[in-house]
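Engineer: In case you want the letters, here they are:
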Amino acid sequence: MRSNVTEYELTAPGSLDAALQILADSPDRYTPIAGGTELMVALGAGRLQPKKLISLWNLKELRFIEVTPDAVIIGAASTFTDIRKHPIVTAEFSILAQAASWTGSIANQNRGTLGGNIVNASPAADSPPVLLAYDAAVTLVSIRGIRTVPYRDFHLSYKKTDLAQDELLHSITLSRNIDGYTTYIRKVGTRNAQAISKVAIAIVARTNRGIIESIRIGAASLRETPARLIATEQSLMSQPIAPATIAKARAAILSETIPIDDIRSTAKYRSVVAANLIEEFLQTL
Amino acid sequence: MAGFEMSGQIQLTINGKEKTVETPPMKRLLDVLREDLHLTGAKEGCGEGECGACAVLMNGDLVNSCLIPILQTQGAEITTIEGIAIDKKLHPIQQCFLEQGGAQCGICTPGMILATYHLLEKTPQPTLLQIQEGLNGNLCRCTGYMRIFNAVHAAAAKATSQSETQ
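Residue numbers (this note's numbering), protein chains in the order written: chain A, 510 to 794; chain B, -11 to 154.
There could be a bad hint or two in this list.
A few chain A residues that face chain B, going by a derived Cβ cut-off under 10 Å, partial list only [unchecked claim]:
1. S512
2. A521
3. I542
4. L552
5. A554
6. L562
7. A616
Which residues of chain A face chain B? A partial, calculated answer using Cβ under 7 Å [to be verified]:
8. V550
9. G553
10. N617
11. N619
12. A702
13. Q703
In silico DMTMM-like links for lysine to aspartate or glutamate, alpha-carbon gap of 20 Å or less [said to hold, decoys possible]:
14. A:K560 x A:E518
15. A:K757 x A:E722
16. B:K5 x B:D24
17. A:K560 x A:D675
18. A:K594 x B:D49
19. B:K7 x B:D24
20. B:K7 x B:E23
21. A:K594 x B:E121
22. B:K110 x B:D49
23. B:K146 x B:E87
24. A:K594 x B:E109
25. A:K561 x A:E518
26. A:K569 x B:E65
27. A:K569 x B:D49
28. A:K777 x A:E765
29. A:K560 x A:D537
30. A:K561 x A:D534
31. B:K110 x A:D591
Rather than coming from a laboratory, the hints here were simulated on the basis of the structure. None of the values given here were measured: they were computed from a predicted structure. Where is the CB? At the ideal position from N, CA and C, for every residue including glycine.
Take the sequences, apply the hints, and build the full model.
Structural biologist: If you want it as structure tokens, here you go:
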């Protein structure tokens, strides 16, 4: 059953300040909508619960990519196409551009935003594993002020985030100090375009003379939120690339992931594939 | 009748003509095109942004009109399949789809044509991989895609030979 569109309120403020003021003044929660690639699907299917929405589409204060000597800062309302087209992002943060390239289709990438992908908080979303592997920071804004927190602390539990009712995700900051790191990303799904991941893993690591000095692993569809695989990372720190190390990493990933059975895959398949992906990465080092 | 008072005026440009529609802000662009403006070229397939049958151009970008609340089109330029033909003559892309058998039942065709138009604007001489990516959000259940890819190749070749002779 299609939703009755007359039951929904949508307002499109002309500036970020105006949007934040609306959020601050309203006693009930407004749901932000940017490219609509998630919420409009729910509307079409007659299951869009929030009745008050606020449009962030094309708000210029949220749609930008700024490059400083130390960081690349991506406005939350930047689309996946904006990310794929940006020369510094594609050169220095290639696995983010890669993840953007297999998010939905070209038409979805022209509308879907990085901020929406994060705030929607799906455990299967395409960009979060990469942002976790790059150890991104997220900046949240409200009329009370601005705060920046590590992205790894943003997802609290299934679909619950650190975002307060009057806050918006402003931007995502990627630190440019990743010279000499090896990166890896792999999405396992029925196809790249349009399909939602069964499992996805993104890794940023550095080795020195065959020893793993630093490693960050971001994962999709292996826990109730996008997640860093901390136990697996710890099992690999200061270890040489050797069969015993790979065995320990495989055991660690099985211990810390809690995949589920759903329409796209089974928990067992997800666990085995996740371990295989870690092993595939380690074999390339 | 909650929300009844929420209807508002949206001004947008459709296929080069300025239009004003009075509509609730969350009404989908697809429904405004088909119901309010009687432009039935854009089709509803899946209604969830996966099939591309409702694809149109918004300010030159390929988008799925089933996923756009009409309020977000305020001031935008929309091109639908009805705006692709030139002076009632088929656009070269349309002609190539016709000649190469790139259309059968026709439901996906408007979206395929617009996705092709968008692709060739950005990549005039696409490789097969680039064609596959450019059309990756458009599903067809008749052709098996090969004739569609052939049509895109032919359209790209035609556009290039025309620009060389000009």
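Engineer: Taking the hints in turn, state whether each one holds.
Structural biologist: Going down the list of hints, with the structure as the test:
no. : hint            : result
1   : S512            : holds (8 Å)
2   : A521            : holds (5 Å)
3   : I542            : holds (7 Å)
4   : L552            : holds (7 Å)
5   : A554            : holds (7 Å)
6   : L562            : holds (7 Å)
7   : A616            : holds (5 Å)
8   : V550            : holds (4 Å)
9   : G553            : holds (4 Å)
10  : N617            : holds (6 Å)
11  : N619            : holds (4 Å)
12  : A702            : holds (4 Å)
13  : Q703            : holds (5 Å)
14  : A:K560 x A:E518 : holds (6 Å)
15  : A:K757 x A:E722 : holds (16 Å)
16  : B:K5 x B:D24    : holds (15 Å)
17  : A:K560 x A:D675 : holds (17 Å)
18  : A:K594 x B:D49  : holds (13 Å)
19  : B:K7 x B:D24    : holds (11 Å)
20  : B:K7 x B:E23    : holds (14 Å)
21  : A:K594 x B:E121 : holds (15 Å)
22  : B:K110 x B:D49  : holds (10 Å)
23  : B:K146 x B:E87  : holds (12 Å)
24  : A:K594 x B:E109 : holds (15 Å)
25  : A:K561 x A:E518 : holds (5 Å)
26  : A:K569 x B:E65  : holds (18 Å)
27  : A:K569 x B:D49  : holds (17 Å)
28  : A:K777 x A:E765 : holds (14 Å)
29  : A:K560 x A:D537 : holds (10 Å)
30  : A:K561 x A:D534 : holds (13 Å)
31  : B:K110 x A:D591 : holds (14 Å)
Checked against the numbered hints given earlier, this structure breaks none of them.
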